[in-house]
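Listed here are the chains, written in short residue letters.
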Amino acid sequence: MSAVKTSITVNGTQRDLDIDPRLTLVYLLRENLGLTGTHVGCTTGNCGACTVLLDGKTVKSCSIFAADVDGSELVTIEGLSTGARELHPIQQAFVDHQGLQCGFCTPGMVLSALALLEKNPTPSEDDIRHAISGNLCRCTGYQFIVESIQAAAAARA
Amino acid sequence: MLAAGFEFHTPADLSEALRLLADKGPEAKVLAGGMSMVPAVNLGLLRPTCVVSLNHVSGLDSIDDSGDELRIGALVRHARIVSDPAIRQHAPALAAAASVIGDVQVRNRGTIGGSVAHADPAADYLPVLVAFGATIVVQGPQGTRELPAREFFLGVMLTQLTADEIVTEVRVPKLPPGAGSGYARLARVEGAFAIANAAAFVDGSRCVIGIGAAVPAPVVTELALGSQPDDAGLERVAEAARAACEDAYDDLSGSAGYRRAMAGVYARRAVSLAIEARG
Chain A
53 MSAVKTSITV NGTQRDLDID PRLTLVYLLR ENLGLTGTHV GCTTGNCGAC TVLLDGKTVK
113 SCSIFAADVD GSELVTIEGL STGARELHPI QQAFVDHQGL QCGFCTPGMV LSALALLEKN
173 PTPSEDDIRH AISGNLCRCT GYQFIVESIQ AAAAARA
Chain B
877 MLAAGFEFHT PADLSEALRL LADKGPEAKV LAGGMSMVPA VNLGLLRPTC VVSLNHVSGL
937 DSIDDSGDEL RIGALVRHAR IVSDPAIRQH APALAAAASV IGDVQVRNRG TIGGSVAHAD
997 PAADYLPVLV AFGATIVVQG PQGTRELPAR EFFLGVMLTQ LTADEIVTEV RVPKLPPGAG
1057 SGYARLARVE GAFAIANAAA FVDGSRCVIG IGAAVPAPVV TELALGSQPD DAGLERVAEA
1117 ARAACEDAYD DLSGSAGYRR AMAGVYARRA VSLAIEARG
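First to last, the protein sequences are chains A and B.
If you use our numbering, the first sequence closes out at 209, no skipped numbers anywhere.
If you use our numbering, the second sequence closes out at 1155, no skipped numbers anywhere.
Same shape as in the complex, but just chain A:
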C-alpha cells in the first residue's frame, strides 16, 4: 500500500505529509508531529481524550484516518496557548477550579468546552453536561469540570 499525500494546517502551520493510510489522526499528531497533548484513550470513539478541532468542529481523532483530512484545518490543545505560563482562559478556569485530577481527559474537555462556549456563551449546567457527554473523566465525577466551564463562561461574559 502506498502513502497518501495529504496537506493539512495544524495549529496554523501548513504540513505537507505522506501518510500511511492506516494511521489515524491522533497517531499522526502524537507520533509524526510530536503533539502529545492529544491523548489516546480507547481508539473506539468512546472516551473523547483524542478530541481535536477539525475545521472548527470537535471530532474524535482516533476515529478519523489521517489521510482523509486533506485540505483541513486542525487545532489541537497545543494551539490554544503558547505555554504553561500563558494558558487559554478555559485552561485557566480548569486550573482555578480544580477541573482535573490526573489530566488525561483534560485536553479533550477543554476543546469540548471551547466549542460549546463559542456556540452558546451562556450555557446552563444541563447544556454543559450535554456538551461534554462525549468526554469521559474517570477521576472527578464531573462536578468540578462543570464548575470550571461555568467559570470560564462567566469570565468571557
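Read the hints as simulated data drawn from the structure, not as lab findings.
Heads up, some of the hints might be wrong.
To be verified - Simulated pairs of lysine-lysine, DSSO-like, Cα-Cα distance not exceeding 27 Å:
(1) B:LYS1050 / A:LYS57
(2) A:LYS171 / A:LYS109
(3) B:LYS905 / A:LYS57
(4) B:LYS905 / A:LYS109
Stated by the list, open to error - A few chain A residues that don't get close to chain B, going by computed Cβ distances all over 10 Å:
(5) PRO73
(6) LYS109
(7) VAL127
(8) SER133
(9) GLU138
(10) LEU139
(11) ASP148
(12) HIS149
(13) CYS154
(14) LEU168
(15) THR192
Unchecked claim - Some, not all, of what chain B presents toward chain A, calculated at C-beta under 10 Å:
(16) PHE882
(17) LEU907
(18) GLY909
(19) MET911
(20) SER912
(21) HIS932
(22) SER934
(23) GLY935
(24) GLY978
(25) VAL980
(26) ARG983
(27) VAL1065
We put the beta carbon where it would ideally sit given N, CA and C, even for glycine.
Based on these hints, arrange chain B on the given structure of chain A.
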C-alpha cells in the same frame, strides 16, 4: 496500534468512487464519517484491503427541500440534521433522532448515509425512516435504485445495498399540515446505543410507528387512533409495538422479552410526543 494495511482512495466525484468499487471488488469498503468503521478497523474487527472515502466527493452533502420530499445527501452530517431549519420543520422526528446520536463529536463527523448503509440495529434514524416511509437512493454500476426504507433494511448490518453500490441520498416525505412526529429511545446513559427506540407519525386517525434497536432490522406497524387517545388507546399502541417485535433479540443490554416490553413503552412515548407536536 496500526491496522493491517490497505489502499486508501479519496475520489473527488461519485463516478470515480463507483469505478473504484467496481475495480477493487467486494473487499473494498466505503468510508463516510467513519464513526463505526474506523473503530472497527482499529479493533481489527474489519480488515479492508481497500478503503474508498466519500469525504471528498462533491455533491453528496446537500439538503433540498423544494419538493414534497426532503432530499438529504448521504454525506450530510448528524449535527447538520439536528440544526437544519427545513428538516426541523418538515421531519422533526429525524432531527430529534439525530440529536441523540453518540455525542457532539460523533454528530460532527458521522453521516446519515453512513448510518443507513451500516444499518446497526441500534441506529437512531432507522425507526424514523420506516415510520415516515422514506426512500433510500443508491447508485451503482447499473445506475440508480430508489428503495423504500421499509424494504431496505434486512437484518443486523444487512441491507439491500450491494458491495459495488453507494447510498447517495435519503428522501423523507415532508410531514403534511396537521400531522405530527416524535422519537423516543431507551439507552443506559446518554450516548449509549439504544436498547429500544421508536418513532411515530400521526396524521388524523392514522398512526404509524417505526421500531428499532429491539429488533435486527426496523419494523413498522400502523393503527387507527383517536385524536386524543386515552390510556387504553396508548395501550393499543404498546400492544401493536410489542406484536411487531416478535424478532426481538437478546444481548448484554437486555433480553428479547425486555426489549419487546420496552418497544411498547417507547412506542407509546413516541406517539405521545407526535400527538403533542401536531401542527
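A quick look at each hint next to the structure:
1. B:LYS1050 / A:LYS57: violated, 43 Å
2. A:LYS171 / A:LYS109: The given pair, whose Cα atoms are some 11 Å apart, holds under the 27 Å limit.
3. B:LYS905 / A:LYS57: holds, 20 Å
4. B:LYS905 / A:LYS109: holds, 26 Å
5. PRO73: At roughly 3 Å from the nearest Cβ of chain B, PRO73 (chain A) sits no farther out than 10 Å, so the non-interface label is violated.
6. LYS109: At about 4 Å from chain B, LYS109 (chain A) fails to clear the 10 Å cut-off, so the statement is violated.
7. VAL127: holds, 14 Å
8. SER133: Consistent with the label, SER133 (chain A) stays out of reach of chain B, its closest Cβ about 21 Å off (over 10 Å).
9. GLU138: Check passes; 27 Å lies beyond 10 Å.
10. LEU139: About 23 Å separates LEU139 (chain A) from the closest Cβ of chain B, which puts it past 10 Å; holds.
11. ASP148: holds, 24 Å
12. HIS149: About 22 Å separates HIS149 (chain A) from the closest Cβ of chain B, which puts it past 10 Å; holds.
13. CYS154: Consistent with the label, CYS154 (chain A) stays out of reach of chain B, its closest Cβ about 21 Å off (over 10 Å).
14. LEU168: violated, 8 Å
15. THR192: holds, 17 Å
16. PHE882: Result: holds, 6 Å to nearest chain A Cβ.
17. LEU907: holds, 7 Å
18. GLY909: holds, 9 Å
19. MET911: holds, 6 Å
20. SER912: At 8 Å from the nearest chain A Cβ, SER912 (chain B) passes the 10 Å test, so the hint holds.
21. HIS932: holds, 7 Å
22. SER934: violated, 13 Å
23. GLY935: violated, 17 Å
24. GLY978: At about 7 Å, which falls below the 10 Å cut-off, the nearest Cβ of chain A leaves the hint on GLY978 (chain B) intact, so it holds.
25. VAL980: At 5 Å from the nearest chain A Cβ, VAL980 (chain B) passes the 10 Å test, so the hint holds.
26. ARG983: It holds, given that the least Cβ distance between ARG983 (chain B) and chain A is near 9 Å, below 10 Å.
27. VAL1065: Cβ of VAL1065 (chain B) sits 8 Å from chain A, so the hint holds.
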